[in-house]
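Residue numbers (this note's numbering), protein chains in the order written: chain A, 1 to 253; chain B, 1001 to 1223; chain C, 2001 to 2223; chain D, 3001 to 3199.
Everything labelled a hint here was simulated from the structure, so no lab data went into it.
Worth double-checking, as some hints may not be accurate.
As the list claims (entries may be wrong) - Mimicking DSS-like on lysine-lysine, the simulated pairs with C-alpha atoms at most 30 Å apart in a straight line are:
1. D:K3030 to B:K1060
2. C:K2029 to A:K216
3. C:K2060 to D:K3165
4. A:K216 to C:K2071
5. A:K214 to C:K2177
6. A:K216 to C:K2177
7. C:K2177 to A:K143
8. A:K214 to D:K3125
9. A:K184 to D:K3190
10. A:K60 to C:K2060
11. A:K170 to B:K1143
12. B:K1143 to C:K2115
13. C:K2071 to B:K1029
14. C:K2143 to A:K170
15. C:K2060 to D:K3030
16. C:K2071 to A:K214
17. D:K3029 to B:K1143
18. B:K1080 to A:K177
19. D:K3190 to B:K1129
20. B:K1143 to D:K3190
21. B:K1125 to A:K170
22. C:K2129 to C:K2177
23. B:K1085 to A:K99
24. A:K216 to C:K2060
25. D:K3029 to C:K2060
26. D:K3030 to C:K2080
27. C:K2080 to B:K1060
28. A:K216 to C:K2080
29. A:K177 to D:K3190
30. B:K1218 to B:K1177
31. B:K1071 to B:K1221
32. C:K2071 to A:K143
33. C:K2060 to A:K214
34. A:K216 to B:K1060
35. B:K1143 to B:K1125
36. D:K3125 to A:K143
37. A:K184 to B:K1085
38. B:K1129 to D:K3030
39. B:K1060 to A:K184
40. B:K1177 to C:K2129
Note that the structure is a prediction, hence the values are computed from the model and not measured.
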Amino acid sequence: MVHETFTYGDSMVHRLDPRIKVIVAIVFSIVIAVADKFSVLLYGLCFSLSLIWIARLSIKKVSFRLMIVNGFILFIWIFLPFTYPGETLFCLGPFNASKEGVIYAALITLKSNAIILASIALLATSSITTLVHVLRHIYVPDKLVHLFFFCFRYIHVIHHEYIRLMNAMKIRCFQPKTNMHTYKTYAYLVGMLLIRSYDRSDRVYHAMLCRGFKGKFWMLDHFSMNRFDIISGTVLFLIIIGLIILQWGQIIT
Amino acid sequence: MGTDNNIILELDDITFGYPSRRPVLNGLKLVFFKGQRIGLTGGNGSGKTTLFHIIMGLLKPNTGEIGAFGKSRETEADFKEVREKIGLLFQDSDDQLFCPTVAEDIAFGPLNLGKTQNEAREIVKKTLKTFGLLGFEDRVSYKLSSGEKRLVSLATVIAMNPEVLLLDEPTTGLDTKTTERIVGFLNSHTELSYIIISHDHDFLERTTQCRYEMAGGKVDKNN
Amino acid sequence: MGTDNNIILELDDITFGYPSRRPVLNGLKLVFFKGQRIGLTGGNGSGKTTLFHIIMGLLKPNTGEIGAFGKSRETEADFKEVREKIGLLFQDSDDQLFCPTVAEDIAFGPLNLGKTQNEAREIVKKTLKTFGLLGFEDRVSYKLSSGEKRLVSLATVIAMNPEVLLLDEPTTGLDTKTTERIVGFLNSHTELSYIIISHDHDFLERTTQCRYEMAGGKVDKNN
Amino acid sequence: MHISEGVLSAPVLITGAALTATAVGFGLKKMDYDRIPQVAILSSVFFVASLIHIPIGPASTHLIMNGLTGLLLGLSAFPAILVGLILQAILFQFGGITTLGINTFNMAFPALICFYLFRNGIRHKNPVVISVCAFGSGFTAVFLSSIFVAASLIFSEESFINIAKLVVIAHLPVMIIEGIFTASCIGFLKKVRPEIIGG
């Protein structure tokens, strides 16, 4: 379930210092999210696609992720052209699709896909464990970092408990249907997981106390930048600055 | 697959394992006849529990064929019928009980098989009586002692009226009294066929006719 | 409380239980001397794990007195010192490994005891070597096999350099090789005193001098 | 109920991020280090449970459970839901970096509202009151979330109005199922471990 699908690989993207990857992903996403020029978004999409290509990720798996994400975008294509005011582009029965609406839907599609592809290429190519260490380096509050890691750590354990309880339901011939029995059964399943997790969290806290926990979590340092990281980082940031100038350059001058 | 009416299970050349680890089951063969009462032993990690889960369709073998009640079983739909006829007692009772009260836990299986609330209530009562647990209806399953949990787990299985039982370590950690109850139940229900995984040789001596052993991912007939 | 320097633990009349249930511990007495190596057996739910948690101050007894290392222990502050000298191996490794990497899990205790990052790194290396786990530093704990998890859990305990060990089912679900490693470690560190909860009689035979049994909320000396 | 990347306008994204940052900051401040394992492990349960698909007629829906999260975690619901959404963004690309703020707010603020509205109700002596309040919590949380999602869309672009309406209408059956689910789940906890809901 929580397989880190894109994490393992030996590409340049996989080797890049994860701190750079996270910061680039954040800045790039923000720029694309607020940009509104077709050219900028097209270049942005090309940037994301080239990262995917450099990372040598499975096209099949990436496309599968995109398909899921574009479900919501599909709704926008169904509704937006017909409700957005503007010059009529074509008619579908009684509905008029506006040119501006189509353009707007296209912008959203570009933005969404550019950002998602960049996240896959830059974030999903590091393990969560690595990202946890990165978050600490970029001044995310300590408690949030630990909350994040603990949550991820125990998802695996709880998923196993979930499978075991699902098996217990299966061997007693449980068949999910649209009825109260089904909803109640799932509520019991989640309730049982919650109770066990309460007990487990007590035990984990006890294990922390046994190892002398005094309110401080520790992490060991992991990262060191080399020349490859500095050069790649500089290139990536220059590209993003290029996008920014293309989008807002005229306003400044 | 055999067409002999007396064959309950026929496993052929079953292999199961996780990538980059030694296979747990490796070319396993097993034929299990109606009326047989088998004790299954073997070291930790020899694949006994895995075998039970494969029979119930909870794990899918990498290769091999599973026949049960005269039909080949492959899909989830195939195993539904298997699960109506074979009852599995999990190694850990905490994996088996997930309802708030004992009555609801025991009624869960019968309700899934299409019984009405009233019929289910009757079954709960009858089953509790069998195990000397009358009055336990409204007890909270989660708070029972481990011996009581074991008996209630067995009761949830028996409530579905299975023809065959697969019992995974039914007596681990139980006191003599509870163990006696299980022995008594098994010996007084001669219509049941079963396989019992256990380290308790004394218990197997009293409840089974023959002993199989698991080793190297296969089942060996011992006697 | 006794003043004998050789007494590690002295538990007197300990009662522990949850409201409206049968008490888990009931007037328990136990004296544990330096150098002793005790195997503790007893049915499921007989209170063995509870006893360990009471000794570590993780559960507070309803009545009774706990003495450790020559002092009476009551408050959370009292038990801090106890926890520096006694290492507890939890029954479930998933409760014990809560850090991102193996190295961080092992370093967690030493860092809390005031070691520097560098000292902690040295300890990590030394401890991993002891258990034949060199190269595991950056492995992610939730991806380890259950045997590896068990060894790393033991390593997190040993890294704190305890005088006494309380091991709760150290070998459940382990293969022979991993079990051998644990036996080897225990037998080559003769300075350690310990109590081991286990169902594995063979393992206890090889690692302990005497056997205690828990029943009725009390500890009975077996031999 | 995630809103995809690239759909919302900058002011909506920024407002969402600012509100979430404040609320998460406050939630973290109120959460001791000692409670981190508990909040985190319960968040793991919500994460795993959100993958359960529950049938409604021929279709199926996944559980949202923000009402239940609110009842059990109170102020910690904000950091807990944020963490869940970050994990979903990284592992499955559901949502992304720029929408984290607004998506968290849309899920967590209703959770918090339900906590304050119903926390006393689920500790009531009368089991009927408990069921009604738990149902109310499950229902209201999803209802408010869908309203917030709709509002985020409309504030971004007025012509999203039809999609916004559809979001609310499509979630009506989900609200009822979440209500039933939350009532059964709280009933279960009440019977088995009343300490958990402080009853």
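Now the hints, each set against the structure:
no.	hint	verdict
1	D:K3030 to B:K1060	47 Å, violated
2	C:K2029 to A:K216	36 Å, violated
3	C:K2060 to D:K3165	56 Å, violated
4	A:K216 to C:K2071	28 Å, holds
5	A:K214 to C:K2177	36 Å, violated
6	A:K216 to C:K2177	36 Å, violated
7	C:K2177 to A:K143	40 Å, violated
8	A:K214 to D:K3125	39 Å, violated
9	A:K184 to D:K3190	14 Å, holds
10	A:K60 to C:K2060	56 Å, violated
11	A:K170 to B:K1143	23 Å, holds
12	B:K1143 to C:K2115	43 Å, violated
13	C:K2071 to B:K1029	62 Å, violated
14	C:K2143 to A:K170	27 Å, holds
15	C:K2060 to D:K3030	27 Å, holds
16	C:K2071 to A:K214	22 Å, holds
17	D:K3029 to B:K1143	35 Å, violated
18	B:K1080 to A:K177	15 Å, holds
19	D:K3190 to B:K1129	28 Å, holds
20	B:K1143 to D:K3190	13 Å, holds
21	B:K1125 to A:K170	23 Å, holds
22	C:K2129 to C:K2177	16 Å, holds
23	B:K1085 to A:K99	64 Å, violated
24	A:K216 to C:K2060	24 Å, holds
25	D:K3029 to C:K2060	29 Å, holds
26	D:K3030 to C:K2080	26 Å, holds
27	C:K2080 to B:K1060	49 Å, violated
28	A:K216 to C:K2080	15 Å, holds
29	A:K177 to D:K3190	26 Å, holds
30	B:K1218 to B:K1177	34 Å, violated
31	B:K1071 to B:K1221	24 Å, holds
32	C:K2071 to A:K143	36 Å, violated
33	C:K2060 to A:K214	19 Å, holds
34	A:K216 to B:K1060	45 Å, violated
35	B:K1143 to B:K1125	20 Å, holds
36	D:K3125 to A:K143	36 Å, violated
37	A:K184 to B:K1085	25 Å, holds
38	B:K1129 to D:K3030	52 Å, violated
39	B:K1060 to A:K184	28 Å, holds
40	B:K1177 to C:K2129	47 Å, violated
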